[in-house]
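Chains as they are written, first to last, in the numbering used here: chain R, 1 to 297; chain X, 1001 to 1297.
For the record, the hints were derived by calculation from the structure and aren't laboratory data.
Source: prediction; values computed, not measured.
Please note: incorrect hints may appear among the correct ones.
[What the hints assert, rightly or not] Lysine to aspartate or glutamate pairs mimicking DMTMM-like chemistry, simulated, CA-CA at most 20 Å apart:
no.: 1; chain 1: R; residue 1: 24; chain 2: X; residue 2: 1142
no.: 2; chain 1: R; residue 1: 115; chain 2: R; residue 2: 238
no.: 3; chain 1: R; residue 1: 97; chain 2: X; residue 2: 1094
no.: 4; chain 1: X; residue 1: 1171; chain 2: R; residue 2: 142
no.: 5; chain 1: X; residue 1: 1284; chain 2: R; residue 2: 25
no.: 6; chain 1: X; residue 1: 1287; chain 2: R; residue 2: 295
no.: 7; chain 1: R; residue 1: 13; chain 2: X; residue 2: 1295
no.: 8; chain 1: R; residue 1: 287; chain 2: X; residue 2: 1029
no.: 9; chain 1: X; residue 1: 1285; chain 2: X; residue 2: 1139
no.: 10; chain 1: R; residue 1: 287; chain 2: X; residue 2: 1094
no.: 11; chain 1: X; residue 1: 1115; chain 2: X; residue 2: 1291
no.: 12; chain 1: X; residue 1: 1114; chain 2: X; residue 2: 1231
no.: 13; chain 1: X; residue 1: 1285; chain 2: R; residue 2: 29
no.: 14; chain 1: X; residue 1: 1181; chain 2: X; residue 2: 1142
no.: 15; chain 1: R; residue 1: 275; chain 2: R; residue 2: 239
no.: 16; chain 1: X; residue 1: 1097; chain 2: R; residue 2: 68
no.: 17; chain 1: R; residue 1: 28; chain 2: X; residue 2: 1291
no.: 18; chain 1: R; residue 1: 28; chain 2: X; residue 2: 1142
no.: 19; chain 1: X; residue 1: 1028; chain 2: R; residue 2: 142
no.: 20; chain 1: R; residue 1: 287; chain 2: R; residue 2: 257
no.: 21; chain 1: R; residue 1: 285; chain 2: X; residue 2: 1029
no.: 22; chain 1: R; residue 1: 225; chain 2: R; residue 2: 239
no.: 23; chain 1: X; residue 1: 1277; chain 2: X; residue 2: 1295
no.: 24; chain 1: R; residue 1: 96; chain 2: X; residue 2: 1142
no.: 25; chain 1: R; residue 1: 277; chain 2: R; residue 2: 2
no.: 26; chain 1: X; residue 1: 1024; chain 2: R; residue 2: 139
no.: 27; chain 1: X; residue 1: 1013; chain 2: R; residue 2: 295
no.: 28; chain 1: X; residue 1: 1080; chain 2: X; residue 2: 1231
no.: 29; chain 1: R; residue 1: 91; chain 2: R; residue 2: 68
no.: 30; chain 1: X; residue 1: 1114; chain 2: X; residue 2: 1094
no.: 31; chain 1: X; residue 1: 1284; chain 2: R; residue 2: 29
Number of protein chains: 2
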Amino acid sequence: MELNVNTLKINSKKVCDKIEFFIKEKVKELNRQGIVIGLSGGIDSAVVAYLVVNAVGNKNVLALLMPERDSSPDSIKDAKLVAKNLGIETKVIDLKKPLASLGVYNTITAKFLKKGFVVRGLYKGFEKISGNPFYKGLEGTENKYLAQGNAFYKIKHRLRMITLYYYSEQKNYLVAGCCNKTEFLTGFFVKYGDSAADIMPINQLYKTQVRQIADYLKVPEKIIKKAPSPDLIPGIVDEFVLGIDYERLDIILYGLENKMSFKEIAKQLNVTEKKVKYFNEIIKKSKHMRELPYEPN
Amino acid sequence: MELNVNTLKINSKKVCDKIEFFIKEKVKELNRQGIVIGLSGGIDSAVVAYLVVNAVGNKNVLALLMPERDSSPDSIKDAKLVAKNLGIETKVIDLKKPLASLGVYNTITAKFLKKGFVVRGLYKGFEKISGNPFYKGLEGTENKYLAQGNAFYKIKHRLRMITLYYYSEQKNYLVAGCCNKTEFLTGFFVKYGDSAADIMPINQLYKTQVRQIADYLKVPEKIIKKAPSPDLIPGIVDEFVLGIDYERLDIILYGLENKMSFKEIAKQLNVTEKKVKYFNEIIKKSKHMRELPYEPN
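Full structure from sequences and hints, please.
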C-alpha cells in the first residue's frame, strides 16, 4: 500500500451528507428536540456545529461557550464567530467559579500552569527526566506533580461535559461531542470528558479529513488555519504534545490500522521506526479510554 | 424454567474471590497505586468498598463522601461507619457550592424538590397526567418541569463522578464504580454519572445478589436493611421510582434475559403481564445509556 497525500482524501459532500443523515436519525430515535454543543473556537467543534445545523436547523441548536481561568480570550471570539455565522443561540457559562470551589486552582501545580512559556519549559524538562508527560498520563504515573497536572486539566473537560448535559436535559436535547479519530486513537481526549456525548459525528474522521470537510462546509478560514489546542493549559497545543504534525500522524495511524509494518510506514513517511512504534504503544495504552468500564466476567 | 427464591442464589465466596482477583488485576494492568470510591452510605458502595479493600488493602483505598443540599444526614453517618470498619481514609467534599455556582439550585423545579412528601405528591400527580416520570426521563420529554427535574438530579451524580476522577488522578488511583446489574439494565443510573468509572466490580450482580454478598462480607446490618435510595431528591427511593420491589424485579429481569415469554414470567411471579412488558420497554429505552456514543458508520 502506498501512503501519500491522497491516502486520506475523502469525498466531502458524501461524507457530510451521511453524517447529517445520521444526526437527524438519532435525534428522532432518542425522541429529542435538538442538539447542544460546546463551541471551543477550534475547528472540530466548528465543523460539528455546521453539521448539526445542516441536520436539524439552526433554531434547534444551542451552543455553550465555557471559558475558565486559563482559556485564551481568542477562543471565545472564534466560538462567537461560528455561532454568528450559523445563527445559533449561545450561552456563555463561566466555569471559573465551580472549578475554584472544587479547589482546582489551589494546587502547587495549578499555580505554575499559568504562563505558556513556563509550561512548555516544565513539559520539556519533565520529558528529559521522566519520559513524555502525555504518555505517562496515559499509563498512570507516580510522579505527584505530573499526576496533579493531569487531574488539573482533565476536570476542566469533564466539567464542560456535565454542563453540556445539564443544559441538554433541561431542553430535551442531545449532546453532540466533537472528538475526531486522530484524538480518539491516540487517547488525546479526556475519558468521560470530551469523549462523553450522545452522538459523536466526526469520530470516524482523521484530523486532516476534518480539515477537508471544514473547507467544504465553509467554516471560517481563520478557524481552519489556527493551531489546534485543547485550550486547557496555556502554551499546550496539540502538535506540541503529540510531537508530530497531524498530516504525518494521521497517515501513521492509518498505516497501523491497516496492519502495515512499522518499518514500511517509517520508510514511506520518512520518519523513524521508533516514532511509529511510539504511536502504536499510545494506541494500546489508551485502549481503556475507548471502552466501557471493565467488569469481572 | 422455574423462577423462585433460589433462582438468583449465588456462591458468595466464589463470586467475591473472582471480583477481588479482577480488581487486583486491573490495578496492575493500568499501572495504578490504589482505588478511589464514592461512599454513599448505601449497600452497593459499601459492598464495593469491602471488595476493593480485600483486593488491594485498606491503605490503598480512598473514600470520598460527597454530600450536597439535598443529601440525607444519615447518608454521611452510614458512609463513615463503613469507612471506619474498613479503616480507610475518607475525605468529605461538600458539593453544595459547586452545584450552586452552576445554578443547579436556582430553577423553579429545584426550589420545589426539597421536601419528600411534596416530591412524592408531584411524582404521583405527574404520573397520572403524563405517564411515569422515570420512564419519560429515559425516553426524552418535552415537559419543561420534568426535564428540569431530570437535569437537576443527574448533574449531581455527574459532579460526584468528576470529583472522584479529580482525586483518583492526583493519587494515580483507579475509580471503582458501584452500579449493579438491576440498575444497569433498567437505566436506573446516570449516563456519565455513576455509570462512569474505570472498573465496575458488581455490575454483573442483581441487587438481591449484592445483598447476598453483603451478608457474606459482613457489611453492617443497618446498611443492608435500609431502603435503597439514590439520595439525590428527598423522598425518592429506588422502589418508589421502579414501582416494584427488588426481589421480584430481579427475577423479571432474569426471565427476560433468558428469553422467557412475558406471559410465563407474569404467571410464575404472580404479577401482571403489563408489568413485565413495562420492564422490557425500559431495557430497550435505556439501551443508549449502556453504550458508547453513537457514530455514523
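Against the structure, the hints:
no.: 1; hint: 24/R - 1142/X; verdict: holds (18 Å)
no.: 2; hint: 115/R - 238/R; verdict: holds (17 Å)
no.: 3; hint: 97/R - 1094/X; verdict: holds (15 Å)
no.: 4; hint: 1171/X - 142/R; verdict: holds (8 Å)
no.: 5; hint: 1284/X - 25/R; verdict: holds (17 Å)
no.: 6; hint: 1287/X - 295/R; verdict: holds (18 Å)
no.: 7; hint: 13/R - 1295/X; verdict: holds (18 Å)
no.: 8; hint: 287/R - 1029/X; verdict: holds (12 Å)
no.: 9; hint: 1285/X - 1139/X; verdict: holds (6 Å)
no.: 10; hint: 287/R - 1094/X; verdict: violated (33 Å)
no.: 11; hint: 1115/X - 1291/X; verdict: violated (34 Å)
no.: 12; hint: 1114/X - 1231/X; verdict: holds (12 Å)
no.: 13; hint: 1285/X - 29/R; verdict: holds (10 Å)
no.: 14; hint: 1181/X - 1142/X; verdict: violated (29 Å)
no.: 15; hint: 275/R - 239/R; verdict: holds (14 Å)
no.: 16; hint: 1097/X - 68/R; verdict: holds (17 Å)
no.: 17; hint: 28/R - 1291/X; verdict: holds (18 Å)
no.: 18; hint: 28/R - 1142/X; verdict: holds (13 Å)
no.: 19; hint: 1028/X - 142/R; verdict: holds (13 Å)
no.: 20; hint: 287/R - 257/R; verdict: holds (14 Å)
no.: 21; hint: 285/R - 1029/X; verdict: holds (10 Å)
no.: 22; hint: 225/R - 239/R; verdict: holds (14 Å)
no.: 23; hint: 1277/X - 1295/X; verdict: violated (29 Å)
no.: 24; hint: 96/R - 1142/X; verdict: violated (31 Å)
no.: 25; hint: 277/R - 2/R; verdict: holds (19 Å)
no.: 26; hint: 1024/X - 139/R; verdict: holds (16 Å)
no.: 27; hint: 1013/X - 295/R; verdict: holds (18 Å)
no.: 28; hint: 1080/X - 1231/X; verdict: holds (16 Å)
no.: 29; hint: 91/R - 68/R; verdict: holds (14 Å)
no.: 30; hint: 1114/X - 1094/X; verdict: holds (18 Å)
no.: 31; hint: 1284/X - 29/R; verdict: holds (12 Å)
Hint violations for this structure: numbers 10, 11, 14, 23, 24, all remaining hints satisfied.
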